[in-house]
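Q: The chain contents come next:
2 protein chains.
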Amino acid sequence: MSEFELIAEIRHKSGIADPEGSTILRALPALGFEEISNVSVGKAIRFAVSASNASEAVAKGEELCKRLLANPVLESFKVSVIS
Amino acid sequence: MSEFELIAEIRHKSGIADPEGSTILRALPALGFEEISNVSVGKAIRFAVSASNASEAVAKGEELCKRLLANPVLESFKVSVIS
Chain A
136 MSEFELIAEI RHKSGIADPE GSTILRALPA LGFEEISNVS VGKAIRFAVS
186 ASNASEAVAK GEELCKRLLA NPVLESFKVS VIS
Chain B
136 MSEFELIAEI RHKSGIADPE GSTILRALPA LGFEEISNVS VGKAIRFAVS
186 ASNASEAVAK GEELCKRLLA NPVLESFKVS VIS
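Respectively, the protein sequence lines represent chains A and B.
If you read the first sequence in the working numbering, its first letter stands for residue 136, the second for the next number, and so on.
If you read the second sequence in the working numbering, its first letter stands for residue 136, the second for the next number, and so on.
In case anyone wonders, no lab produced these hints; they're calculated from the structure.
Just to be clear, a hint being listed does not mean it is correct.
[Said to hold, decoys possible] Quick list of in silico lysine-lysine cross-link-like pairs, DSS-like style, CA-CA up to 27 Å: (1) B/K213 with A/K195; (2) B/K195 with A/K201; (3) A/K195 with B/K178; (4) B/K213 with A/K148; (5) A/K148 with A/K213; (6) A/K213 with B/K148; (7) A/K201 with B/K178; (8) A/K213 with B/K213; (9) A/K213 with A/K201; (10) B/K201 with A/K178; (11) A/K195 with A/K213; (12) B/K148 with B/K178; (13) A/K201 with B/K201; (14) A/K213 with B/K178; (15) A/K148 with A/K178; (16) B/K178 with B/K201; (17) A/K213 with B/K195; (18) B/K195 with B/K148; (19) A/K178 with B/K195; (20) B/K201 with B/K148; (21) A/K195 with B/K201; (22) A/K195 with B/K195; (23) B/K201 with B/K213; (24) B/K213 with B/K148.
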């Protein structure tokens, strides 16, 4: 068993309101950031998993997202290995 | 000018309390996830930047993090180009 560091990025599904992203977008012109658009805010959750290989670690991370971290009605997620 | 899609990962600096991460960690044994540890919760903010090249886009993204998205006392950030 080795220890893998994983990151899960959890985002709103397309079509789901993202009030935090809209608020940031509205603040940008006043701060001089006219070249920035399409802001969306999600979560980046890092965790360590002990597993025998990287694909088993990712599978456990995806199971964790499904059962605890993400809301499958509103959110999608992607789990990747960092190290 | 081209359009670059960027992601900013904003995390608590080490030593800063992460109550959301601690709460997730406490819930894991009851759900059968004994092999998961070191949970930390941050933000993943995606946005598009129009810039003449990728490094200029990242520089604008970092400026945005410094001025609006991250709290430099409590949080660190990393901006990367997705496409």
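Q: Take the hints in turn and mark each one as holding or not.
A: Each hint, compared with the structure:
With a CA separation close to 26 Å, the supplied pair B/K213 and A/K195 stays within the 27 Å bound. Between B/K195 and A/K201, the direct Cα distance comes to roughly 34 Å. Violation of the 27 Å bound is thereby established for this hinted pair. Restraint check for A/K195 and B/K178: satisfied, since their Cα atoms lie roughly 21 Å apart, inside the 27 Å limit. Between the alpha carbons of B/K213 and A/K148 the distance comes to roughly 23 Å, so the proposed pair stays at or under 27 Å and holds.
Taking the CA atoms of A/K148 and A/K213, the gap is about 12 Å. The hint holds against a cut of 27 Å. Only pairs whose Cα atoms come within 27 Å are accepted, and A/K213 paired with B/K148 is accepted, the gap being roughly 23 Å. Restraint check for A/K201 and B/K178: the C-alpha separation of about 19 Å stays at or below 27 Å, so the hint holds. Restraint check for A/K213 and B/K213: satisfied, since their Cα atoms lie roughly 18 Å apart, inside the 27 Å limit.
Note on A/K213 and A/K201: the hinted pairing holds, with a Cα-Cα distance of about 11 Å set against a maximum of 27 Å. Restraint check for B/K201 and A/K178: satisfied, since their Cα atoms lie roughly 19 Å apart, inside the 27 Å limit. For the hint linking A/K195 to A/K213, the alpha-carbon distance of about 12 Å falls within 27 Å, and the restraint holds. With a CA separation close to 13 Å, the supplied pair B/K148 and B/K178 stays within the 27 Å bound.
Straight-line distance between C-alpha atoms of A/K201 and B/K201 comes to about 33 Å, which puts the hinted pair past the 27 Å bound. A C-alpha spacing of about 14 Å is found between A/K213 and B/K178, which places the hinted pair at or below 27 Å, so the restraint holds. With a CA separation close to 13 Å, the supplied pair A/K148 and A/K178 stays within the 27 Å bound. Between B/K178 and B/K201 the CA atoms are separated by roughly 14 Å; this keeps the pair inside 27 Å, and the hint holds.
Proximity of A/K213 to B/K195 is assessed by CA-CA distance (about 26 Å); at most 27 Å being required, the pair is judged to hold. Our distance criterion of 27 Å between C-alpha atoms is met by B/K195 and B/K148, whose separation comes to about 22 Å. Distance check on the hinted pair: A/K178 and B/K195 sit about 21 Å apart at the alpha-carbon level, within 27 Å; holds. Only pairs whose Cα atoms come within 27 Å are accepted, and B/K201 paired with B/K148 is accepted, the gap being roughly 14 Å.
With a C-alpha separation of about 34 Å, the suggested pair A/K195 and B/K201 falls outside the 27 Å cut-off, and the hint is violated. Straight-line distance between C-alpha atoms of A/K195 and B/K195 comes to about 36 Å, which puts the hinted pair past the 27 Å bound. With a CA separation close to 11 Å, the supplied pair B/K201 and B/K213 stays within the 27 Å bound. The straight-line distance between the Cα atoms of B/K213 and B/K148 is roughly 12 Å, inside the 27 Å bound, and the hint therefore holds.
Hint compliance for this structure: hints 2, 13, 21 and 22 are not met, and every other hint is.
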